[in-house]
Amino acid sequence: MKRTDGISNVSDLQIIPLSEEEPHLISGDWRRRVAAIPPFGVEGYKMLVLEDDSKVLIIANGQRASPYGVGKLLRSMEISTKKVLVPRQLSISTTPSHPIRCHQLGYRSKTNSYDAWSAAQFDQYICELAIFGANKLTHAEHTLMV
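Just so we're aligned: the sequence shown equals residues 1 to 146 in this note's numbering.
Everything labelled a hint here was simulated from the structure, so no lab data went into it. Please note that a few of the clues may not be correct.
DSS-like mimics (lysine-lysine), calculated; alpha carbons at most 27 Å apart, straight line [to be verified]:
id : residue 1 : residue 2
1  : K72       : K83
2  : K72       : K82
3  : K55       : K72
4  : K136      : K72
Distance ranges between label pairs, derived from CB positions [claimed, not checked]:
id : residue 1 : residue 2 : range
5  : G28       : L105      : 41 to 49 Å
6  : D52       : I79       : 17 to 25 Å
7  : G62       : K82       : 33 to 41 Å
8  : Y114      : R75       : 18 to 26 Å
9  : S118      : R31       : 39 to 47 Å
Owing to the predicted nature of the structure, the values given are computational and were not obtained by experimental measurement. Built from N, CA and C at the ideal position, the CB exists for glycine as well.
Construct all of the structure, not just a fragment, from the sequences and the given hints.
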């Protein structure tokens with residue numbers, strides 16, 4: 001992405017998460033633009049950058065899809081000390097290709113820091129896994145979870 005290809009006025013940027021049951025909250029022009037994006041499936045979302053209004057709409061298929069949309073937005077942004085750029089072309093509709101997207105936590109005796117993490121650090125880690133699309137956690141049976 002070129003630096004000139006994005007919305008850079010962070011103070012005006014608004015991220016508007018909506019469920020698919022809330023289309024009445026979107027004005028007519030925005031509703032038409034959202035309707036032009038292909039539909040999504042289970043745990044999917046639509047995202048639309050409204051550059052003229054410095055807004056990003058994320059319309060999620062259920063509460064579980066909202067973090068996935070926000071995660072995609074965060075991964076698509078270019079962030080520096082003076083500005084944040086959102087790609088103007090970020091107009092997507094996506095649905096996970098797999099219903100279960102699991103991450104396995106495994107505590108092993110080598111090169112592992114889980115034993116030094118606080119509960120807050122685990123909470124942040126799990127939230128970040130959701131932002132990257134995980135919807136299930138498990139631990140390896142042969143490992144010890146403390």
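How the hints compare with the structure:
Straight-line distance between C-alpha atoms of K72 and K83 comes to about 18 Å, which keeps the hinted pair within the 27 Å bound. In summary, the hint linking K72 to K82 is supported, as the alpha carbons are separated by about 22 Å, within the 27 Å threshold. At most 27 Å may separate the alpha-carbon atoms for a hinted pair to count; K55 and K72 meet this at roughly 15 Å. At roughly 18 Å between alpha-carbon atoms, K136 and K72 fall within 27 Å of each other, so this suggested pair holds.
At roughly 47 Å, the beta carbons of G28 and L105 sit within the given window of 41 to 49 Å. The hinted window of 17 to 25 Å between D52 and I79 holds, with their beta carbons roughly 22 Å apart. Distance hint check: the CB atoms of G62 and K82 are about 36 Å apart, consistent with the given range 33 to 41 Å. At about 24 Å, the beta-carbon gap between Y114 and R75 stays in the expected band of 18 to 26 Å.
Checked against the hint of 39 to 47 Å, the C-beta distance between S118 and R31 comes to roughly 44 Å, which is consistent with it.
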